[in-house]
Amino acid sequence: MRRKLSKPFLLIVILLMVLATVLSACSTEGPAPSESKPAESEEAVQPAQSEAPAESEEAAAPAEEQQPGEEAAAGEAPAEAAPAQGEYKLAWYAPAPHPYFEEVLQGVEAFEQEFGIPVEKQIGPDWEQSSQNERVEALAAQGFTHFSIYPADASGANGLYEELTQNGLTVVNFGASTLQPTTASFVVATDVKAAAMQATEALIQSMGGKGKIINVLEVLEDSNTVLRKEGVEEVVAKYPDVEIIQEISGMTSVEEAVEKIGNALSANINQVDGIIATGFTTSVGIAQVLSEYYDTGGNREIHAVGIDTDPTVMKAIEDGVMDGTIAQNPFGHGYLSLLVLKYLAEGYEPVEGVYHIDSGTAFVTKDNLDSYANDIMAVTEQIKSELTTKYLKK
Amino acid sequence: MAEVNLNKTAVSPKTKSRNGSNSLMKLFKRNDMGVVIATALLFLIFALVTESFFTRYNLFNISRTAGLYVFIAMGQMIVLVIGGMNLSLGGIGGLVVVAAGYTMDSLGWSPWISVPIALSVGLLAGAFNGIIIVKSKINSFIITLASLFIFTGLVTGISQGFPYTNIPKSFTLMGRGSLFGVPYTFVLAIATLLIMAYVFKFTVVGRRILATGGNLEAAQLSGIRTDRIVFLCHVLSGLFAAIAGLLWVSRMGSAQPATGSDWLIISFAVAIIGGTALTGGEASMLALLASAILLTLIKNGLIMLNVNVYFEQTFLGLIILLAVSIDRIRAMIHSSARKFGRRDVTEAKPLAE
Chain A
1 MRRKLSKPFL LIVILLMVLA TVLSACSTEG PAPSESKPAE SEEAVQPAQS
51 EAPAESEEAA APAEEQQPGE EAAAGEAPAE AAPAQGEYKL AWYAPAPHPY
101 FEEVLQGVEA FEQEFGIPVE KQIGPDWEQS SQNERVEALA AQGFTHFSIY
151 PADASGANGL YEELTQNGLT VVNFGASTLQ PTTASFVVAT DVKAAAMQAT
201 EALIQSMGGK GKIINVLEVL EDSNTVLRKE GVEEVVAKYP DVEIIQEISG
251 MTSVEEAVEK IGNALSANIN QVDGIIATGF TTSVGIAQVL SEYYDTGGNR
301 EIHAVGIDTD PTVMKAIEDG VMDGTIAQNP FGHGYLSLLV LKYLAEGYEP
351 VEGVYHIDSG TAFVTKDNLD SYANDIMAVT EQIKSELTTK YLKK
Chain B
1 MAEVNLNKTA VSPKTKSRNG SNSLMKLFKR NDMGVVIATA LLFLIFALVT
51 ESFFTRYNLF NISRTAGLYV FIAMGQMIVL VIGGMNLSLG GIGGLVVVAA
101 GYTMDSLGWS PWISVPIALS VGLLAGAFNG IIIVKSKINS FIITLASLFI
151 FTGLVTGISQ GFPYTNIPKS FTLMGRGSLF GVPYTFVLAI ATLLIMAYVF
201 KFTVVGRRIL ATGGNLEAAQ LSGIRTDRIV FLCHVLSGLF AAIAGLLWVS
251 RMGSAQPATG SDWLIISFAV AIIGGTALTG GEASMLALLA SAILLTLIKN
301 GLIMLNVNVY FEQTFLGLII LLAVSIDRIR AMIHSSARKF GRRDVTEAKP
351 LAE
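The listed protein sequences correspond, in order, to chains A and B. Numbering-wise (our numbering), the first sequence opens with residue 1 and increments by one. Numbering-wise (our numbering), the second sequence opens with residue 1 and increments by one.
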């Protein structure tokens, strides 16, 4: 009996020890968030925003990297170091680890550096609205008053926002909007329909104004997908010699996207002239499928335009496999959403009827691969200069 | 003797035809034939109704995806067959992909070093599941659910969601190349299925695996060290997940950390439609292959037919239902044929007397 009991007991003890070691390693070894790397240097060890609790994350920042505001935030309770100009504490929340959020985080950190205001930065474990609710509610309980949030669910997040705003807290969406009506004060995001239209125009131009297109949509349940679909179809309708020969959708992972896009390409290999994707996953899928198509001897000229600047897509553009992509402004999503929150905390109010702050886009081709980031930064500066006149009032 | 010979000569053509039809009937009676027939029928239908289906490019894509599905399903089959399951299969796949990507891209190591490392990661992850299941006696559902979170967390933690894109071109040979037009991935899948079929049918370890899944207590009483078998099956599950992950990296030419996120449903669907008993003790490699092709065909065919995107999932479900119903129809025909045959025997008996 003793022998029977001892093995599981030993196992549990060993597991607990391993767990303790891992947790302690996580809480002490992460580099500063400001060391967040651009996509091309993913090998660098990253901070553990997603896993580590806020205190350890802040504590992990090396002293030389800390900004004035961060110094105050480096202790147990960053809220206690709230700036003097108002009783507010800023929090930024993303639902799950994703390359996009790493880029947004750079904007958040730039805001911290520029204004010396600490921001509590948290990345959740998954895309579930329930996880987001739990974590944001916990932040509210800790005394955070102004939130920049990427909604996990465009509809479901509204319930959370209603509770927050009923308690006098302020929310600004970044990256994607919640469904209207919403209690979020603003959304700082790309105008998805306009971006889809820009991408379609670019594709049709690269095709010489005529040809047959496969429209690759991401997830139809997403309201943004419907807007993107409308955008693509509106532009195609302007060109009598352009036709959408197939529409595919329902892709939540790159694997699924590769399989479906590969199938669509097989089905239309003798007639397709262009492929357009207006979602992140599908753009990566197109980059993969077309790279493979040309690598395995495919010789039909197929033009392709995607969205976002995933390294796979950028490599496909560099290799001439894709014509271009629409670069969004993740830096601006982070920087501007927090700046708006700061102004709101200082007494500014939204201009009546204004909710959407279009964060702008840039079309990336082989020619401006190295310089497009400057165009995006210029857009950010432009929006920043207009914030207190176009979008906010005292 | 001569009479016998004469008789044999006299009835030879009939006997031959009867033997032939008997062989066909025997084949038809096999439990795994339902999914094979369904796959063949579907193949025929798509070939007839869609123009681009029978193109070389499409057949190449179908067989390559089916090859990947085979490995994913084998990762699940090998634990289902002992009455367990592996919910962390996709997590192991993702971990292997990140291990391969990290070593090849970030560390710049040769695939000759990275591949064994990545395979070892898969084996270790499987061994991790196996040792905890064996030692703690906790249900594999719970253990692999926990390890799914552990592995997925490691994948995200190491990669931060970023793909590894600098994979040597030479490494894509396995995922993109072909042998006489047949993708290497598919060839490898067939070879592995043949080996597994041999293992199950002709080796001691294979029989022990089936015995462990069939009746654990009986297997223990007959002297089989079932703990070792359970451990081995989980290690093999990790190995198959690792192979699937590496083949995916080889096909993509990049290592995507999200790899494996949708393997759970594929692994169960292919394995179970492919005749693996959920209760353990039964598996068919032929049906597994047919099931992998079936699922790939359905997904491919729906796009070929350009079905309404809003109802795609509905069509997918309906076709899967129809395909598995064919097995039911086969079983019913077989059952009524047996009844009919018995009546023949009873009616024939008096005549014979």
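Just so you know, not all the hints are guaranteed correct.
Claimed, not checked - Over 12 angstroms on every C-beta distance to chain A, these chain B residues come out as not near it, computed from the model: (1) 31; (2) 62; (3) 68; (4) 156; (5) 160; (6) 162; (7) 172; (8) 248; (9) 302; (10) 304; (11) 309; (12) 325.
To be verified - Label-pair distances were calculated between CB atoms; the ranges are: (13) A:381 <-> B:107: 49 to 59 angstroms; (14) A:378 <-> B:108: 48 to 58 angstroms; (15) A:297 <-> B:308: 46 to 56 angstroms; (16) B:142 <-> A:348: 18 to 28 angstroms; (17) A:134 <-> B:107: 32 to 42 angstroms; (18) B:49 <-> A:300: 16 to 26 angstroms; (19) A:297 <-> B:49: 24 to 34 angstroms; (20) B:41 <-> A:369: 44 to 54 angstroms; (21) A:366 <-> B:107: 27 to 37 angstroms.
Said to hold, decoys possible - Derived list of chain B stretches under chain A, where covered just means 3 residues or more per stretch with a C-beta under 8 angstroms from a C-beta of chain A: (22) 112-120; (23) 278-288.
Hints listed in this document are in silico derivations from the structure and should not be mistaken for laboratory results. Glycine is no exception: its CB is placed at the ideal position from the N, C-alpha and C atoms.
Going down the list of hints, with the structure as the test:
no., hint, in the structure
1, 31, "29 angstroms, holds"
2, 62, "8 angstroms, violated"
3, 68, "9 angstroms, violated"
4, 156, "5 angstroms, violated"
5, 160, "4 angstroms, violated"
6, 162, "3 angstroms, violated"
7, 172, "7 angstroms, violated"
8, 248, "7 angstroms, violated"
9, 302, "8 angstroms, violated"
10, 304, "5 angstroms, violated"
11, 309, "4 angstroms, violated"
12, 325, "24 angstroms, holds"
13, A:381 <-> B:107: 49 to 59 angstroms, "39 angstroms, violated"
14, A:378 <-> B:108: 48 to 58 angstroms, "36 angstroms, violated"
15, A:297 <-> B:308: 46 to 56 angstroms, "33 angstroms, violated"
16, B:142 <-> A:348: 18 to 28 angstroms, "52 angstroms, violated"
17, A:134 <-> B:107: 32 to 42 angstroms, "37 angstroms, holds"
18, B:49 <-> A:300: 16 to 26 angstroms, "24 angstroms, holds"
19, A:297 <-> B:49: 24 to 34 angstroms, "28 angstroms, holds"
20, B:41 <-> A:369: 44 to 54 angstroms, "50 angstroms, holds"
21, A:366 <-> B:107: 27 to 37 angstroms, "29 angstroms, holds"
22, 112-120, "violated (count 0)"
23, 278-288, "violated (count 0)"
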